[in-house]
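Undergrad: Okay, here's what each chain looks like letter by letter:
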Amino acid sequence: MPQIRMLTDKVRLVSEPTDKFKTGCISVSMALPMDERMAANSLLIYLLKRSCKAYPDFSLLSGKLDELYGAILGAGVSKNGESQVLTLSITCLADKFALEDASIQLEAAQLLSDIIFNPNVNEGSFGDEALATEKRLLIQRIEEELNDKRAYAFNKCISCMCKNEAFGKDKYGTVEEIEAVEMADIYAAWKNMLSTAVFQITVVGAADADKVASVFEKNFENIVRQPAEIETVFIQKSKHFNRFEEKFPVNQGKLVMGFRAGMSHRRDNIFAMTVMNDIFGMGTYSKLFANIREKMSLAYYCWSRLIVSKGILLVESGIDTDKEKKVSAEVLSQLSDLRNGKTDPEVLESSKRALRERHTFTTPEGILGWYSSQVLSDEIITPEQMVSGIEQVTMDDVCEAAKKLSVDTVFMLSAQEEAEDEI
Amino acid sequence: MKFKKYTDNKLGETVYCGKHPSGLEIRILPKEGYTSTYAVFGVKYGSIDTAVKNASGEFETIPEGTAHFLEHKLFESEDLNAFERFAKTGASANAYTSFEKTAYLFKGSENVGESLEILLDFVQNPYFTQQTVEKEQGIIGQEIRMYQDLPDWQVMFNMLKVLYSHHPVKIDIAGTQESIAQIDADLLYRLYENFYNPSNMVLCVVGGIDSEKVAEIVDKNIKRTEGAMCERKFQKENPVPVQNYIEEKLSVAQKQFMLGFKEDISEPLLSLEDEIASQIMLEAITGKASPLFKKLLDEELIDMGFGSELFNGYGFSCVMLGGTSKDPEKAAAIIKEEFARLNAEGISTEAFERAKRKFYGRMVMSYNDIDDTANMLMNLYFNGYEPFAEIEACKNVTLEKAQERLAKIKDEYSALSVIGPIS
Chain L
613 MPQIRMLTDK VRLVSEPTDK FKTGCISVSM ALPMDERMAA NSLLIYLLKR SCKAYPDFSL
673 LSGKLDELYG AILGAGVSKN GESQVLTLSI TCLADKFALE DASIQLEAAQ LLSDIIFNPN
733 VNEGSFGDEA LATEKRLLIQ RIEEELNDKR AYAFNKCISC MCKNEAFGKD KYGTVEEIEA
793 VEMADIYAAW KNMLSTAVFQ ITVVGAADAD KVASVFEKNF ENIVRQPAEI ETVFIQKSKH
853 FNRFEEKFPV NQGKLVMGFR AGMSHRRDNI FAMTVMNDIF GMGTYSKLFA NIREKMSLAY
913 YCWSRLIVSK GILLVESGID TDKEKKVSAE VLSQLSDLRN GKTDPEVLES SKRALRERHT
973 FTTPEGILGW YSSQVLSDEI ITPEQMVSGI EQVTMDDVCE AAKKLSVDTV FMLSAQEEAE
1033 DEI
Chain S
2 MKFKKYTDNK LGETVYCGKH PSGLEIRILP KEGYTSTYAV FGVKYGSIDT AVKNASGEFE
62 TIPEGTAHFL EHKLFESEDL NAFERFAKTG ASANAYTSFE KTAYLFKGSE NVGESLEILL
122 DFVQNPYFTQ QTVEKEQGII GQEIRMYQDL PDWQVMFNML KVLYSHHPVK IDIAGTQESI
182 AQIDADLLYR LYENFYNPSN MVLCVVGGID SEKVAEIVDK NIKRTEGAMC ERKFQKENPV
242 PVQNYIEEKL SVAQKQFMLG FKEDISEPLL SLEDEIASQI MLEAITGKAS PLFKKLLDEE
302 LIDMGFGSEL FNGYGFSCVM LGGTSKDPEK AAAIIKEEFA RLNAEGISTE AFERAKRKFY
362 GRMVMSYNDI DDTANMLMNL YFNGYEPFAE IEACKNVTLE KAQERLAKIK DEYSALSVIG
422 PIS
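Chains L and S are the protein sequences, given in the same order. Count along the first sequence from 1, then add 612; that gives the number in the working numbering. Count along the second sequence from 1, then add 1; that gives the number in the working numbering.
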């Protein structure tokens, strides 16, 4: 069971100490509303990752991490419901594995808190060159989303489906917004993050949670907290069906079908929804894998993914462009079977077994991910609680959950006729 | 069967190694506190095996992509397929084919003994018909198309194509649409007979299981006893690449590049010490803390994804560096200059020690993960090493050795591969 404590207003520390791992991991998730600050927030998190007062440039900080036996400093931006979550994390070796006496864990915890609370700021500036570099890298990162057509199509389906909702926005903000960010915006974003973000500090493995708590508590002493209220709009049913298409010179088309899942909040009917999604298209025993891939040989992959933080479900598959109708019709026909109880009872048992396994985390990163994704939930649920909820799900529950799905948006990334090289 | 124990006290791990009478090598690492177990059953048969030794001792050419094709097909049987069987134990099963091996694996925490029996059983029971082979040609065809659209994949294979004149490392792991069309059930049976004999295989199990239990299950489930480790043909390559430059246009946002330096090798395999010395040398010269990284970043020639590695196996070895760049040729020139400078002036002790410490830390960290650990045990075995040899080799690497490895990197043996956007 994890230990949970509140350090200050909406700053929660969740820890699962264990000595079975070689490492200790600390992650700090900071949830903010998806508002006009998104671009500045994104740049901020990457600027913070570059340096701090004690190691004022990128090379020095990287050198310090290497000296700490290759400690891994991570920074990221993600969407969690209609919230932009900024994350900074550090993973490093447990002290006992050092080749000479060292307190890697404590140094790493201090370094992480320095990066957040004591950045390399001089008179409100993070450095013009640093900002210019991070702008270039972030814009490049956004433009490169195009390189992975599978992820591109997936995100594009979401942005088409949720174009009138905050969830349809790009997690980083737009390229135009990023270009327009000024230094003063970054400084304001930093101050805003410290006072208004909903924080969760998650500590797993060899890291000493008490020490982490006191390092962070001390830093929050001088900060006036006014935590943001973060709400996510759940649209339970599709209002009308839309299809979007983009053509690219590629070999394989990507079909993504977006469904509204009939949920009214992120834990609404969560156990049945999880099992339903698994049977629909997660496991190798799932309807989509067994039929679209194995039986009909139409695709190498065809999966469904449930995004509980927004109450939507997406089906994705890499197919020949001219097979779109055939595949989408088959997906809907499999859904119809699922709704009508045409599922082997053995499959329900397989799904429960597999979900039990999927909630048995074998790495500190897995445990960290499970808890940190709950930054916006008032109550933490453990993997064990999730599993026991799943155990209770019946085939009727699965059918009912499937009946709540309504197809909303299809996004098709089509292959243009000519995909020849022109050198 | 008898096991030999290998213990690394500092690391706190013990591996049990044994040779089953059938010829099968077994390596087990029981992990205290872990409920899950990961098992991998590997065959020394990968995409570079494009020739098979026949009865008269001559090497006979076979189509490209057979190892990967067999990997897909072994999941099938006359009755329940392997996925359906694993669904009953809850374990998640998978397989992969790389340049030098094919690996079948599962991970699970319940019914581990039963899952292990299924793993051993399905890999030992081939079942192919013309019909199932044809079905798989459709699925693998889609898999090949998917990879053709992935720039990271293409940039590497294009580089291998120009770096190597005849070594099969240059061919795609899955083969081509044309080569897989030549595969039929008879050929698969023949290749299966040749490669899938216990002496050419290894079983590595890591996690919540003990060695006696594994031995008992192996005793009951290994059928074949004849056979020997398959030989590979070593043909020395001319170190000079076929071409020095290759460019392909794909639907990408920015140029991507990979710079490769082929090594002039006279023996088919590098020693583990050479391998690790190269990795540490590359980290010291090109890592995030290095002056080279800073220069490239400041000149806007790379992004944070820039990285380098030694890529080696039977009959091939090269150093690869790559990332996204607006000017790959300029980036390549700066990298070459830095190699030349450090070849003349020497790598600093400080940079070397920092890189070595990072490398050691990351190696220890990898023991967190039962998946990584089992795969590493397998690789060590196939390359003729005992457990923990990699950690010992890392500790023993000297600056002189790293410098020696740097001297092997030569401009005249290099090639640049670029993926550019379709304008």
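Be careful, since some hints might not be right.
Said to hold, decoys possible - Which residues of chain S face chain L? A partial, calculated answer using Cβ under 7 Å: (1) Ser110; (2) Gly114; (3) Met157; (4) Phe158; (5) Asp185; (6) Leu188; (7) Ala254; (8) Thr350.
It is worth saying that the hints were derived from the structure and are not from the lab. Because the structure is a prediction, the values reported are computed rather than measured. From the three backbone atoms N, C-alpha and C, an ideal C-beta is built for every residue, glycine too.
Undergrad: When the nearest CB of chain L is found for Met157(S), is that gap smaller than 7 Å?
TA: 14 Å, violated
Undergrad: Hint validation: Ala254(S) versus chain L, beta carbon distance must be below 7 Å. Holds or violated?
TA: Holds: closest Cβ of chain L sits about 4 Å from Ala254(S), inside 7 Å.
Undergrad: The hint names Phe158(S) as touching chain L; please verify it with the least Cβ-Cβ distance against 7 Å.
TA: 14 Å, violated
Undergrad: Is the shortest C-beta separation between Asp185(S) and chain L less than 7 Å?
TA: 17 Å, violated
Undergrad: Do the numbers back the hint for Leu188(S), that is, is its least Cβ distance to chain L under 7 Å?
TA: 20 Å, violated
Undergrad: Under the criterion of a CB-CB separation shorter than 7 Å, is Gly114(S) in contact with chain L as hinted?
TA: 15 Å, violated
Undergrad: Please check whether Ser110(S) passes as an interface residue: C-beta within 7 Å of a C-beta belonging to chain L.
TA: 5 Å, holds
Undergrad: May I ask you to test the interface hint for Thr350(S) with respect to chain L, counting a Cβ-Cβ separation under 7 Å as satisfied?
TA: 14 Å, violated
Hints 2, 3, 4, 5, 6 and 8 from the list above are not met by this structure, while the remaining hints are.
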